[in-house]
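Student: Using the sequences provided together with the hints, build the complete structure.
Protein chains in written order, with the UniProt record's numbering: chain P, 1 to 204; chain G, 1 to 1145.
It should be emphasised that the hints constitute simulated quantities derived from the structure, not laboratory data.
Where is the CB? At the ideal position from N, CA and C, for every residue including glycine.
Among the clues, some could well be false.
As the list claims (entries may be wrong) - Subject to a maximum C-alpha distance of 30 angstroms in a straight line, what follows is the list of computed BS3-like cross-link-like pairs (lysine-lysine):
id	chain 1	residue 1	chain 2	residue 2
1	P	169	G	634
2	G	571	G	634
3	G	75	P	32
4	P	125	P	109
5	P	75	G	1129
Unchecked claim - Ranges of calculated distance between the beta carbons of each label pair, as one might list FRET restraints:
id	chain 1	residue 1	chain 2	residue 2	range
6	G	469	P	109	50 to 60 angstroms
7	G	86	P	128	29 to 39 angstroms
8	G	145	P	38	28 to 38 angstroms
9	P	90	G	149	28 to 38 angstroms
10	G	1127	P	90	55 to 65 angstroms
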Amino acid sequence: MERKDNQSPRGHIAGILVEFLEVAITSVVFLKGIYSPGAFERRRYMNVVVQRARHPQLRDYIHSAVSGLLPFIEKGLVERVAVIFFNTDNIPVERFMFKLTVNQSFDSKVEESDLEFSLRSFLIKLSVSQPLTKVLPCDCRWEITAYFRSLPQVRNSKDTELWISTDTKQWQQPPLITPIKSMNSEPLGVQLFLEHPSPSEPKS
Amino acid sequence: MSLDSSRSANSGPQNSKRSFNSNSSNNKDNSSNSKKRKSNQKTLGMAWGANSLSTSRSSFRSSPFSDFGSYMVEKNRKLQNQFDAEASNSSLSDTSTKPIFRGVSIFVDGFTVPSSQELRRYMLNYGGRFENYFSRHRVTHIICSNLPDSKIKNIRSFSGGLPVVKPTWVLDSVAVNRLLSWVPYQLDQLASNQPTLSTFFTSKISPASEGVFADAICEVKHGTEDLCLKDASKDAKFSEAGEPSEWRKKITEEHDELMHGNTNSKVIEEPSSSYSEASQEVKVVERSNLEQDDESRENNRPQYCPEQPSASVSSHCFDNHSVKGSPHSTALGPLKQCHSTLGDPNFVENYFKNSRLHFIGTWRNRYRKRFPSLPNGFKCMNSHSDVSADTQKTAIIHIDMDCFFVSVVIRSHPELHDKPVAVCHSDNPKGTAEISSANYPARDYGIRAGMFVRDAKALCTHLVILPYNFEAYEEVADQFYNILHKYCNRVQAVSCDEAFLDVTDLEGEDPKLLASAIRKEIFEATGCTASAGIAVNMLMARLATRTAKPNGQCYISPERVDEYLDQLPLKALPGIGHVLEEKLKNRNVRTCGQLRMISKGSLQKDFGFKTGEMLWNYSRGVDNRLVGTIQESKSVGAEVNWGVRFRDLQDTQHFLLDLCKEVSLRLQGCGVQGRTFTLKIKKRRKDAGEPAKYMGCGDCENLSHSTTVPLATDDVEVLQRITKQLFGFFHVDVKDIRGVGLQVSRLESVDTSKQVLERNSLKSWLMSASASSEERCDVSSIAKDRVGTDTEGKSMGGNSGVLCTDPVGNSVLRTNNTSNGDGCSNQILSIPQLCHLDMGVVESLPSELQSELNEMYGGKLVDLIAKSKGQGENSTGSLCFHPPELSKEEAERSHNSDPISLSRTAVEMMGKQHILEELQTVPDSGTGSNSNAISIQALDNNDLMPSSLSQVDTSVLQQLPEELRADLFESLPAHRRQEISTLGPNRDNLHHPLCINQPESTDSGLTNNLWIGNPPLWVDKFKVSNLLMLRFFADMYYKSKSAENLSSILQCTIAESLHPLDAKCDAWNEAVHSFNELLMEYIKLKIVVDIEEIYVCFRLLRRLSTKSEFFLEVYNLVFPHLQDLCFGKLNTFLALEFSILTSLH
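Tutor: This is the structure:
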């Protein structure tokens, strides 16, 4: 989780963002109670109590998924990162959508404390947003999906390989959203909202 | 939870007991305590165990702990051991830290910045303790940033009487590397809650303040407060129940004593009261007419010294004296009012007006301004210096006015010439004012500069004391230097009355004759005498003057140097002060002759390289310094160490502001700006009593902090900000401050940074926009770009100005324009340019221009493109410029022309394009008659201020600092502000043709104008509206705390119950419409960046709609649009459970 020093401001921001996503996604997974609470342990991040996955595989999945995003976030390609929960038919039931906006041309030094303050509010809000979410059916599945602004050119480097294009089922109707938290602290804007299928969505 | 458990363990019978035995309970040994707790905790532990998830009864029993209490004891012990182990590790690894927190044991409650872990680390490193679980016996300080109301209300049961302190206490203590008093760091919530002694006193006693004793009482209050504070910091048990009453008793005792003293010496009450004011607040005393008052205060001094209230007992013995002094004081009583600091906010100013040192200090700048070209003449000295080293031809004259400060003053009083005269602020015979200069007859009595007046008067009862006359000094100094410069062009000014002349070049003249000629002329011109010393170097010349004085001259030939120096006491040498003299005296060296016995190496070893060399040289009469220019001053500053007494932080801040003003003036006077700022504070030593000198600084510690800023400045506000910040580093009790100085160094000549000077107001900033290269604000660089790259931008300027003009507006605009100057119009024009930027044009610009442009916009360009793309979010990567919705015609044209000429044509084209747009939209808004005027104006290409805010890209506006924004709005004609929303062209509409359903709202500008400004335009608009509802809502804007957000305003609206507009009337529709407009603009503003805010707003609206028909209608109207927009922008719908509400519930 440690950040690399002597980066460009943009890389620095991306680093913070990725780190934050890792924590936030873990929090989401914890929140939804997919795994038993014993699979998590309390940790302190940005001076608030957060959950951290104890199971190496779970931890690894989240970690590698978001850190695989790093080069794309740096380039500003990633538009949203979603944590999607599916039912047994692989139809999404609930999506946690992180909408990212990184000001690509921001070049001055990042006020890390401001950023931290804003990001912290996410973690706090997330921990109390359980009532907004739906109860998941049992045997559900979840995954992390990223929405890109454009498909990245396929390169042979290792980091791009981690992410593959997905054919995840989408809702046919535009979803209903419930905003959870928005923040905009130059150069980074993050919005988190819940997406649920619209009532008119054909049930399969 | 942990806190709760241990706290509730303490509650119950023990709790009530605690308040009575304040100290003893602490000293109780732990065993008895833990026993007591065990009995208490049995039930508690069980309750907890039942709740806990994994602890079953059986496992609990099988564990080595009999109950929860013993478990906690064990746990705490382990935690302590861990901490100790870590602490010993960290202290081993880092020996530089000193254990400042020894004896301090903190408990961190809740969320803090820095985190509790960081605080723990500090405790580890600096010898403190950190408790994970609260215990009244182990914890000494509770650290928290914020407390819930319940804890505040019941603070005693929460804290157990322990101090509750903000985490900055720890940080600051670490920063200054000593344990600071926690008192100033007490949690704000508490500090304001707790009745302080001062309120107790003021409420009880100050009703009597009309009475004679009031001020004296006030003073006691201060004294006691001081004591209390001190005591409180020492003894954390201050707030224990028993203590205050004790204190009160003491105070009243003291008070009684004082009252007693007062009745005995009733007559002095007046002055003493004025003293008590003075002691707490900075006070200027205009010496010329206040000496007596001043003196009697001094007499009272020991009695009312606020630091030692107990001293008041001694007032009896002063009785006679004070009664004696009383006639003065009563006579002058009324005077004090106007001179007391309470009445004189200009202390600093007056202080410096009356300061001799200030005069001397600032004289230099004056001098430099008068003879600015001279320095250059000296440059050739280098070639000369080689010669001067070995020849005896060099001749230096040192010329010094005889007792300058006196003789200037008495030149108009010939009768005083042979009388002892001294110059001093005050001629109060008992005063402690220092004599600054005394004439020779006075010196014969042993009167010296720096002596207290009372001592001087004791030596010479008929000593005449005169006040300063700064104008005269200035005049004489100017004459003096005029004469010197007339005779010789190599003058080194030492002071206003002292200079060196290098007359070597004046071959033909005998330096001795020259010197006497100069002296003669000085006397004729000024009526004051001067003495001169002539020798081969500056040192000897100066020493010669010493012999020559008064009113004489002395030549020391090179042969006589040794002889002269032989018996010269060391102190006469320049550069040898008390300390050095003392050191040398210890080595039995008293004269230069003796000093010469010591080898150079030995001197350098003992006194340092430079000083050693200097001693060696000087004792041989060697001085290699050249008569040169005045040195460039390395720093500019101001320091006040007389009369500095503060009562509270506010006084201090006020004083600092004045000091900053003074320093700023001095900087401006010298024409420099500085980057490094040093704040010096003289802090009364703990054991130091009141200084002998009235209002002096006494025995002080000198503290200083400094900081460097990147951009040199002489701006008062910046200085003030920096000073405030620096002052924050000190952590001294303001009552202990005896002197404050602010010094600015790393000076830069103002010429280089002149343009940046007045950057705060938009107008001045506009003027310099083209010139200043380092403006940080994006907009200014845009302006520069505007001026720099396309000077023919006038056509564009005309166009943008045109966009919403009516005949009336024009005249206003023009006057505005002329008053603001050209730069202004350019500037304002340049802001709209961002939103007007035609991507087609940008794209076809030469590549270097393009990149420059992008740079200037600081990336805003990219934002703009992204915005103008509207829904095109999902398309491609964002770093290339794409034309938004250009008219085909224009795009074609710009593509056809060659890149360079194109930029011009394209700009023009763009301008025309806008006119077209404008002409199309204006008639829509029903002011068709304007269009004529508009087109005419356009053809004329008048340089109009673009008054339409619709030209302004809102994103840019939002990025602008608030004051800039305000300036911008101010520069718009007043009636514009309201027109904008109705008249402005629909730029947004062009890009987002989404809200077609509502013809009215689309027509009258969804231009996001309503939310621009501070307060936003809609507030003004609603305020003047004749609709009650809207006016009400505008009021809400001011009531809500964070009015930036609509949600907070709505929240406020909900809080205020209302049904005012629910009766349908004519205005109903209009109100609904206006409100809709407001909402729509807000949605557009926020939907991309802050959907949460929109969501909150609509939930609030829904709540409102259950109360009010008005909001119901608004909600129903806007909601579909919101969903439309959501769908358009985000491809989602907002989940608000029932979308259209039909009726009131």
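Student: Which numbered hints does this structure break?
Tutor: 1, 3, 9, 10
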